[in-house]
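Asks: Residues per chain are reported as follows:
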Amino acid sequence: MITLVYLARLRETLGTPSEKIELPGDVGTVASLLAWLRARGGAWAAELAPGRAVRVAVNFDVARADTPVKAGDEIALFPPVTGG
Amino acid sequence: MRVRVQTEDFDAAREIAALRAGDARVGAVAAFIGLVRDINEAAAVKTLTLEHYPGMTEKALAAIVDEAKSRWDSYDALVVHRISELKPTDQIVLVAVTSAHRGDAFAACEFIMDYLKTRAPFWKKEHTPAGERWVEARTSDDEKAARW
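Chains as they are written, first to last, in this note's numbering: chain G, -16 to 67; chain R, -18 to 129.
Isolated chain G, as found in the complex (with noise of 0.2 angstroms):
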């Protein structure tokens, strides 16, 4: 299982805040995690359409394309920040 967790725009436009899911077996890194969701279409399909700015932190530590996923992992996804 992994935990995806949306932060906030994200949460209201993907309308929900978190959801454990079994980790897809051909999902092994954060790219190939944002085009498994992608493929659920309607909204995920257009907040994680490529060029889309969309963040992701693996267990708290900010991710890039090529960072590895695993089972357990807590993967976050959020806007560009907004705070100060």
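None of these hints come from the bench; they were simulated from the model.
None of these values were measured; they are calculated from a predicted model.
All C-beta atoms in this analysis are idealised placements derived from N, C-alpha and C, irrespective of residue type, glycine included.
Accuracy of the hints is not assured; some may be wrong.
Stated by the list, open to error - Here are some chain G residues pointing at chain R (derived, C-beta under 10 angstroms):
id	residue
1	Val(-12)
2	Leu(-10)
3	Asn42
4	Asp44
5	Gly67
We have chain G already, so just place chain R on it with the hints.
Replies: Here is chain R on its own, set in the frame of chain G:
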């Protein structure tokens, strides 16, 4: 090193006094306070909701403070950032740095603030008479952070 995310307001004078208490090496304290404005991008702001990502936000702030301390001669640094609902004139964030001399204190304080704006997981939603909207990230903030 002190990093806090909290709902309640802060007293900058008290925070700074605690930061430098008993440390006679400190010759300079630089502090920055960020406030909620009543206008943003031409829209009237009634209230602002700030959210964070518990676990990551504190870690990111600590990493930013650590980097500042590795780049400038400073003795201690403090970041207090508020979350939940705020209104115009409310305090949002306090950054304070103690050092022997002003140059390092000013630079480290500005660095922490510039990095916080672009790297610390916080998001603002504005509530205006026309409805609510998520604040968009600014490229000018990225440019400020890239200077360092």
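Asks: With reference to the structure, classify each hint as holding or not holding.
Replies: Verification of the hints:
1. Here the hint on Val(-12) (chain G) is kept, as its CB sits about 7 angstroms from the closest CB of chain R, short of 10 angstroms.
2. A least Cβ separation of about 6 angstroms between Leu(-10) (chain G) and chain R falls short of the 10 angstroms threshold, and the interface hint therefore holds.
3. The beta carbon of Asn42 (chain G) comes within 9 angstroms of a beta carbon in chain R, closer than 10 angstroms, and the hint placing it at the interface holds.
4. For Asp44 (chain G), the interface hint holds, the least distance from its beta-carbon to any beta-carbon of chain R being 8 angstroms, beneath 10 angstroms.
5. The restraint placing Gly67 (chain G) at the interface with chain R holds, with a minimum CB-CB distance near 4 angstroms, inside the 10 angstroms limit.
In summary, this structure violates none of the numbered hints.
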